Amino acid sequence: MAQTQQPTDKTPILSVSGLNLHYGEAQALKEINLDMIRHQVTAFIGPSGCGKSTLLRCFNRMNDLVESARITGSIRFNGAEVNEPSTDVISLRRRIGMVFQQSNPFPKSIYENIVYGLRISGVNDKSTLDEAVERSLKSAAIWNEVKDRLNDSALGLSGGQAQRICIARAIAVNPEIILMDEPCSALDPISTLKIEELIEELKDKYTIVIVTHNMQQAARVSDVTAFFYLGELIEAGATRKIFTNPEKKQTEDYITGRFG
Amino acid sequence: MKKFWKTGEPYVLATGAALAIVLVMTLSLVGVVVSNGLGYFWPKQLVRFELKDGSAALGQIMQHEKNPISGDRRLQLKIANRDVFGQDFRWIDENDIAKRSLPADAMLLERREHGNYFGFLKGVTAEGLNIPAAATPQETLERALKLVSEKNRATLGIKDKMSDLNNRAERLRLKLLKLEYSGKEQNSAAIAELTAEREKAMAEFNALNEQSGAALAEITRISASFEDVTGGAKDIALVEIVAHQRPNSMSFIAKCGAYLERVRELLLDDPRESNTEGGLFPAIFGTVMMVLLMSVFSLPFGVVAAIYLREYARDGLLTRAVRIAVNNLAGVPSIVYGVFGLGFFVYGIGGSIDSLFFPERLPTPTFGTGGILWSSLTLALLTVPVVIVATEESLASIPRGIREGSLALGATKFQTLTKILLPMATPGIMTGLILSMARAAGEVAPLMIVGVVKLAPTLPFDGNFPFFHMDRKFMHLGFHIYDVGFQSPNVEAAKPMVYVTTMLLLAIVIVASSTAIYLRNRMRKRYTTSTF
Chain A
6 MAQTQQPTDK TPILSVSGLN LHYGEAQALK EINLDMIRHQ VTAFIGPSGC GKSTLLRCFN
66 RMNDLVESAR ITGSIRFNGA EVNEPSTDVI SLRRRIGMVF QQSNPFPKSI YENIVYGLRI
126 SGVNDKSTLD EAVERSLKSA AIWNEVKDRL NDSALGLSGG QAQRICIARA IAVNPEIILM
186 DEPCSALDPI STLKIEELIE ELKDKYTIVI VTHNMQQAAR VSDVTAFFYL GELIEAGATR
246 KIFTNPEKKQ TEDYITGRFG
Chain B
763 MKKFWKTGEP YVLATGAALA IVLVMTLSLV GVVVSNGLGY FWPKQLVRFE LKDGSAALGQ
823 IMQHEKNPIS GDRRLQLKIA NRDVFGQDFR WIDENDIAKR SLPADAMLLE RREHGNYFGF
883 LKGVTAEGLN IPAAATPQET LERALKLVSE KNRATLGIKD KMSDLNNRAE RLRLKLLKLE
943 YSGKEQNSAA IAELTAEREK AMAEFNALNE QSGAALAEIT RISASFEDVT GGAKDIALVE
1003 IVAHQRPNSM SFIAKCGAYL ERVRELLLDD PRESNTEGGL FPAIFGTVMM VLLMSVFSLP
1063 FGVVAAIYLR EYARDGLLTR AVRIAVNNLA GVPSIVYGVF GLGFFVYGIG GSIDSLFFPE
1123 RLPTPTFGTG GILWSSLTLA LLTVPVVIVA TEESLASIPR GIREGSLALG ATKFQTLTKI
1183 LLPMATPGIM TGLILSMARA AGEVAPLMIV GVVKLAPTLP FDGNFPFFHM DRKFMHLGFH
1243 IYDVGFQSPN VEAAKPMVYV TTMLLLAIVI VASSTAIYLR NRMRKRYTTS TF
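Sequence order for the protein chains is A and B. Sequential numbering of the first sequence, starting at 6, is according to our numbering. Sequential numbering of the second sequence, starting at 763, is according to our numbering.
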């Protein structure tokens, strides 16, 4: 309900207005209005089933895969409407990368995992691919761990490593936004810490939207936090403000652990 | 006691017992087949019996049993010499035996016709054949046989040439017919030319025929005289002798050699004596060829159908109906497929092909009769549901995250399918292929109506253009078992062959399955998902 007013000169890269989403009869998202600013980390928090992941999946049209999903309202990405049949979903997804809750490396070598996005877009030049692998693995802070075994299967990696490979895989195609759907929920604290540090670094180059269950994580990594409850956006604003001085009672209750 | 039942231990025992029963049944089946099949080639001793009534018998002891009427022990003797005694086997009461011995010079001859001959060598008659004198008739026989086989090889070369000429003449005849049908007048020049060419080929053929006939007559005159145990003399032409041995005076190593020679013959030679003797090569070749062809048809077809069902078709009434139909197809009796294949493939498609492309050969059918192509297609229909179900299941078992991961990187659905999903589904698809190959290799009923024959004169693959003859009929091990075991004029003599054929069929299925399983495991290692 709350339209965030960021005190910033930057223009929003993603802008959601009046978004409704129905799964069949059930409404999963209600009148969402939210802007995401370039080179900032936006965190979505809220109890399970509040629609934060659903909203995230609207940005790169992953909800197309769900047959019963019906979306109204507008999502603008760099001013262009995402939610139109004429939108080129393939190029949209190349520009908006995604990292999933469960790390999902393909049953291929580490190298082939990273270059997958490039290969399917027709890049097959060896030097370009090599360069992209090194760049994205370095960006994902995993280069030193895997540089000697790029041709090993990515399935042999630990959970935290696999998740960073997935981040590297998303980075390899040079997206503008990286969507992260609870990227640390299946990881141990040390791997979580590594990913959080990574997010901090990636912020300079990419815009990041992260869904998390972990409020400390949201407080640590994000610049802007949005709190969802039962499909509604309750409050969104600068993270410091949300966590120290929320405007809404529900937000305060959730953050202080009274429910959720 | 109640506690004992609650632990679940009895149920574990029950499942274990069920498994054990299945294993024992399988192993004993394989054991019976293998023990009967492997022993067949071992040179058995020729035992000479002197009976109390003064007569004598020579033969191989097949089995001992109790006479069902008198209750005395008796033994079954293979006496061979079917053309002399009228039968291959006889029973001898053990009470009647006065003396047994193992004559060292007793000989076993394998002949091209009339089965084996057991007897004693008397001498070699070689008119016009200059055989260096040897110390024993045995050695003379060896030398004579060597010469005869050399001469025979030359005649076989002539026969090959004749068959080539015959093929050419046949092609010319068909060409002529085609020209005649399309108009005698305007093609008269070409017709005359072809006729001349054909006559030349025929003349050449006839000349060769006479030549080979003369050569054969010359060889046939060379014979050896034998005497059987009752004293009857017999002259046998040396070309008629396929193999000879004196099992009573053979060393162990010589017996091993004879054994291996028989195995080679089995695997690489053509059958003789209405399939009860000789090799199985055409049947092995036909079975393997047919199964491979079947896989070539059913694998792509099944995989593509499964991909559509699982990945593209909307889950509606129609999809569900198709899926139910596919599952039920797997349960339709195979003979129904055979009848369908005959009606649809052989008469429908084959008949149309004949009238469109080979009208000059009609009414002799080319594709309008059973053949290896139609058999493979019929079996492909039979096994395609297995492939579909296996592919669908392996596609369904790929975690959603993998698909989403690929799509989220900007891959199209088709790219996701070919680069990620299909490689991951390959082990499952291979499982389907293994099952369908095993089933196709063992299927006989439908094949009997769409292309298998008792004896195919030519392989479906040879040196004549177009090399692979899809229209030809072929031999099949499964049908061979039925034919040799139940349709043969001399069932008792054919019994070992049935075991050997069964063993080979089992071996082929096992080899095919093991290869596929090996490939599958290698792929599985590559695509094992550890994180899910």
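Hints are computed from structural coordinates only; laboratory data are not their basis. Predicted model only: the values in this text are computed from it and were never measured. Just so it is clear, CB atoms sit at the ideal spot from N, CA and C, and this is done for glycine as well. One thing to keep in mind: the hints can contain errors.
Calculated lysine-lysine pairs in the DSS-like style (CA-CA distance at most 27 Å, straight line) [stated by the list, open to error]:
hint, chain 1, residue 1, chain 2, residue 2
1, B, Lys884, B, Lys806
2, A, Lys131, B, Lys1181
3, A, Lys152, A, Lys208
4, B, Lys806, B, Lys937
5, B, Lys1181, A, Lys143
6, B, Lys840, B, Lys1257
7, B, Lys840, B, Lys996
8, B, Lys768, B, Lys884
9, B, Lys1017, A, Lys131
10, B, Lys814, B, Lys765
11, B, Lys921, A, Lys152
12, B, Lys908, B, Lys940
13, B, Lys1181, A, Lys152
14, A, Lys143, A, Lys199
15, B, Lys962, B, Lys923
Negatives, chain A to chain B, calculated, CB over 10 Å [as the list claims (entries may be wrong)]:
hint, residue
16, Asn65
17, Asn129
18, Ile195
19, Ile260
Okay, the hints, checked on the actual structure:
A C-alpha spacing of about 22 Å is found between Lys884 of chain B and Lys806 of chain B, which places the hinted pair at or below 27 Å, so the restraint holds. Taken as a hint, the Lys131 of chain A and Lys1181 of chain B pair is honoured in the structure, with Cα atoms around 19 Å apart against an allowance of 27 Å. Of the pairs offered as hints, the one joining Lys152 of chain A and Lys208 of chain A holds, with about 24 Å between alpha carbons and a cut-off of 27 Å not exceeded. A hinted pair counts as satisfied when its Cα atoms are at most 27 Å apart, and Lys806 of chain B with Lys937 of chain B does not qualify at roughly 55 Å.
Among the hinted pairs, Lys1181 of chain B with Lys143 of chain A is consistent with the structure: their alpha-carbon atoms are about 26 Å apart, no more than 27 Å. Taking the CA atoms of Lys840 of chain B and Lys1257 of chain B, the gap is about 13 Å. The hint holds against a cut of 27 Å. This hinted pair checks out: Lys840 of chain B and Lys996 of chain B have alpha carbons roughly 19 Å apart, not beyond 27 Å. For a cut-off of 27 Å, the pair hint linking Lys768 of chain B to Lys884 of chain B is broken: about 81 Å separates their Cα positions.
Among the hinted pairs, Lys1017 of chain B with Lys131 of chain A is inconsistent with the structure: their alpha-carbon atoms are about 63 Å apart, more than 27 Å. Under the criterion of a C-alpha separation no larger than 27 Å, the hint pairing Lys814 of chain B with Lys765 of chain B is inconsistent with the structure, at around 72 Å. Proposed proximity of Lys921 of chain B and Lys152 of chain A is contradicted: the alpha carbons are some 68 Å apart, above 27 Å. Restraint check: the Cα-Cα separation between Lys908 of chain B and Lys940 of chain B comes to about 48 Å, which exceeds 27 Å; the hinted pair is violated.
Distance check on the hinted pair: Lys1181 of chain B and Lys152 of chain A sit about 24 Å apart at the alpha-carbon level, within 27 Å; holds. At roughly 13 Å between alpha-carbon atoms, Lys143 of chain A and Lys199 of chain A fall within 27 Å of each other, so this suggested pair holds. With a CA separation close to 14 Å, the supplied pair Lys962 of chain B and Lys923 of chain B stays within the 27 Å bound. For Asn65 of chain A, the shortest C-beta to C-beta distance to chain B comes to about 6 Å, within the 10 Å cut-off, and the non-interface label is violated.
No beta-carbon of chain B is positioned within 10 Å of the beta-carbon of Asn129 of chain A; the least distance is around 13 Å. Consistency note on Ile195 of chain A: stated as away from chain B, and its beta-carbon is indeed over 10 Å from all of that chain's, at 18 Å minimum. For Ile260 of chain A, the condition that its CB be more than 10 Å from all CB atoms of chain B holds, with the nearest at approximately 30 Å.
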